[in-house]
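**Student:** Below, each chain spelled out in residue letters.
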Amino acid sequence: MQPDDLTFIFLNAFIINNFVLAFFLGLCPFLGVSAKLDTAWNMGLATMFVMLVSSLCAYGVNMLLVEFNLEFLRLICYIAVIASAVQLVEITIKKVSPELFRALGIFLPLITTNCAILGLALFQTFKEYDFLQCLVYSAGAGAGFTLALMLMAGLRVKLDLADVPSISRGSAISFMLAGILSLTFMGFAGLGGH
Amino acid sequence: MADLHHKPTPITMDTFLRGIWKENPVFVMLLGLCPALAVTNTTMNAIGMGLATLFVLVCSSALVSLLRSVIPKQVRIASYIVIIATFVTIVDYAIHAISLELYNALGAFIQLIVANCVILGRAESYASKNRVTKSVVNAFGIGIGFTFALLCLGTVREVLGSGTILGYSLFGESFQPWVVMVLPPGGFFVIGAWLLLFSWLKERKQRKILKQEETARATG
Chain A
1 MQPDDLTFIF
11 LNAFIINNFV
21 LAFFLGLCPF
31 LGVSAKLDTA
41 WNMGLATMFV
51 MLVSSLCAYG
61 VNMLLVEFNL
71 EFLRLICYIA
81 VIASAVQLVE
91 ITIKKVSPEL
101 FRALGIFLPL
111 ITTNCAILGL
121 ALFQTFKEYD
131 FLQCLVYSAG
141 AGAGFTLALM
151 LMAGLRVKLD
161 LADVPSISRG
171 SAISFMLAGI
181 LSLTFMGFAG
191 LGGH
Chain B
1 MADLHHKPTP
11 ITMDTFLRGI
21 WKENPVFVML
31 LGLCPALAVT
41 NTTMNAIGMG
51 LATLFVLVCS
61 SALVSLLRSV
71 IPKQVRIASY
81 IVIIATFVTI
91 VDYAIHAISL
101 ELYNALGAFI
111 QLIVANCVIL
121 GRAESYASKN
131 RVTKSVVNAF
141 GIGIGFTFAL
151 LCLGTVREVL
161 GSGTILGYSL
171 FGESFQPWVV
181 MVLPPGGFFV
191 IGAWLLLFSW
201 LKERKQRKIL
211 KQEETARATG
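Chains A and B, in that order, are what the protein sequence lines are.
Here the first sequence stands for residues 1 to 194, where the numbers follow our numbering.
Here the second sequence stands for residues 1 to 220, where the numbers follow our numbering.
A couple of the hints might just be wrong.
Below, in silico cross-link-like pairs of lysine-lysine (DSSO-like), each with a Cα-Cα straight-line distance of 30 Å or less [unchecked claim]:
| id | chain 1 | residue 1 | chain 2 | residue 2 |
| --- | --- | --- | --- | --- |
| 1 | A | K158 | B | K202 |
| 2 | A | K36 | B | K202 |
| 3 | B | K22 | B | K129 |
| 4 | B | K134 | B | K22 |
| 5 | B | K129 | A | K94 |
| 6 | B | K73 | A | K94 |
| 7 | A | K36 | A | K158 |
| 8 | B | K73 | A | K95 |
Covered stretches of chain B (chain A as the covering partner; in silico rule of three or more C-beta atoms under 8 Å from a C-beta of chain A) [what the hints assert, rightly or not]:
| id | segment |
| --- | --- |
| 9 | 89 to 96 |
| 10 | 152 to 165 |
By construction, these hints were calculated from the structure, which means they are not laboratory data.
Please read all numbers here as calculations on a predicted model, not as lab measurements.
Ideal placement from N, C-alpha and C gives every residue a C-beta, glycine not left out.
Using the sequences plus the hints, can you model the full thing?
**Tutor:** Structural data, given as C-alpha cells:
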C-alpha cells in the first residue's frame, strides 16, 4: 500500500498508529470515562464528531494562514476552532439527550483539552494532507479512539469482578491494562509495512 | 527559585510544596498524562518537556491572575486557552532556535502543551481566584512537580530501555536493552509501576498509624 492511499491513511490512524495506544493522545478521557461501556461508546462518538468538524475547519484555517503568511498564529487559531466545535457538540447533546449530557458531565467541555483533537489537526498539517485525506484521517483517528475506549471499558468491567491486590486498585491496574493493550496493538505495526 | 521565597509566609511555603508531592499533577491528580508518557523515552526529553511546561504554566498563571477581574466569566475558558496558546507559541519558537535536536525529538508535543490539562486546570481553579504572587508560587510548585514526575518516568525508561542515562552508557557492551520500555507500552508499564509503589508506601504509612493507635489504646 502507498502511504498516500486512503485505505492506508484510515488503517494507519485506526489501528497501526492508534492515537491513544501509540501516541498517548487523549489519555484523560481514556482513563476517566472508560468505567462503563455505554458512556465510553457515547464519549467516543462525541469525540469522533468533534474530530471530524475540527479537522475540516483546521484544514480551511491552515489554507488561509498559509495564504497570508501567518503560520505562527496556527496554534491559536486551531485551538479556537476546536473550542467552538466542542461548544457546538455540547449544545447539540444538551438539546438532543439531556441524560447523555449528564452522564458525560465534566468530560464534555474537557474535549477541548483532549490532545487527540489538537494532535490530529497538527499531524494533518505536518503530513500536508489534502481535503479528502484529512477527512479520512480524522475518521480513522476518531474510530481508533472509540475502539480504544471501548476495549478499555470492556476490560475494566471485567476487572471490577477480579480480586486484585489492594494497592493496585484504581489507576495503577488500569495503566498496566493499557500497557498490555498497547503491546497487542504493536503487533499491527507490520500491517502497513512502512 | 530563591527570589520567590522573599516572604516565607506559612501559606506560601505550603502553596509551593503542595504541587510537588501532595498534589503532584501526574502521580496524584493523573493530569497531563499525554506528554508525561509520550516524550519520556529519554531523560533529556523529559527535562526539556518539563521545563517548557513549567515556563508556560508560570507565565500563563501570572497573566490569568493579573487579568482575572477583566476577563468576563462566560468566555473565561476561551480566554485562558488563548493566553496559554500564546506562551506555547513562544516556547515552540524558542526551542526551535535553541536546540534543533530537542525540537525534533519532542515534535508536535511542544505545541500540544496547549492541550495539557494541568495548565488549564491551574488557570481555572487557582490563578483566576488568587493574587499574582500566590498563583505564580503555586504554578511554580506544580511545574516542578510535573518535571519531577517526568524525570521519574524518563530515567527509568531510559535506563531499562536503552541502558543509558542522559546518553552515557551505564552497563557496558553486554547489556541487552529492554526495548519495549522506550516504546509506547513501556510508558504505561512504568507509570503503573510508580503508582503501585506510591500506593504501597501510602498503605504502609496508614498501617503504621493504625498500629500506633492500637498500641496507644492498649497501653492507655
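**Student:** Hint by hint, say whether it matches the structure.
**Tutor:** Now the hints, each set against the structure:
1. Taking the CA atoms of K158 of chain A and K202 of chain B, the gap is about 26 Å. The hint holds against a cut of 30 Å.
2. Straight-line distance between C-alpha atoms of K36 of chain A and K202 of chain B comes to about 28 Å, which keeps the hinted pair within the 30 Å bound.
3. Restraint check for K22 of chain B and K129 of chain B: satisfied, since their Cα atoms lie roughly 21 Å apart, inside the 30 Å limit.
4. Pair hint K134 of chain B plus K22 of chain B holds up; C-alpha atoms about 17 Å apart against a cutoff of 30 Å.
5. Among the hinted pairs, K129 of chain B with K94 of chain A is consistent with the structure: their alpha-carbon atoms are about 29 Å apart, no more than 30 Å.
6. The hinted pair formed by K73 of chain B and K94 of chain A meets the criterion: a straight-line CA distance of about 21 Å does not exceed 30 Å.
7. At most 30 Å may separate the alpha-carbon atoms for a hinted pair to count; K36 of chain A and K158 of chain A meet this at roughly 11 Å.
8. For the hint pairing K73 of chain B with K95 of chain A, the CA-to-CA distance comes to about 23 Å; that is within 30 Å, so the pair holds.
9. Judged by the Cβ-Cβ criterion of 8 Å, the segment 89 to 96 of chain B is covered by chain A as claimed, because 3 of its residues qualify and three suffice.
10. Remark: the segment 152 to 165 of chain B is not confirmed as covered by chain A, as 0 of its residues place a Cβ nearer than 8 Å to a Cβ of that chain, below the required three.
In this structure, only the earlier hint numbered 10 is contradicted, and the remaining ones agree with it.
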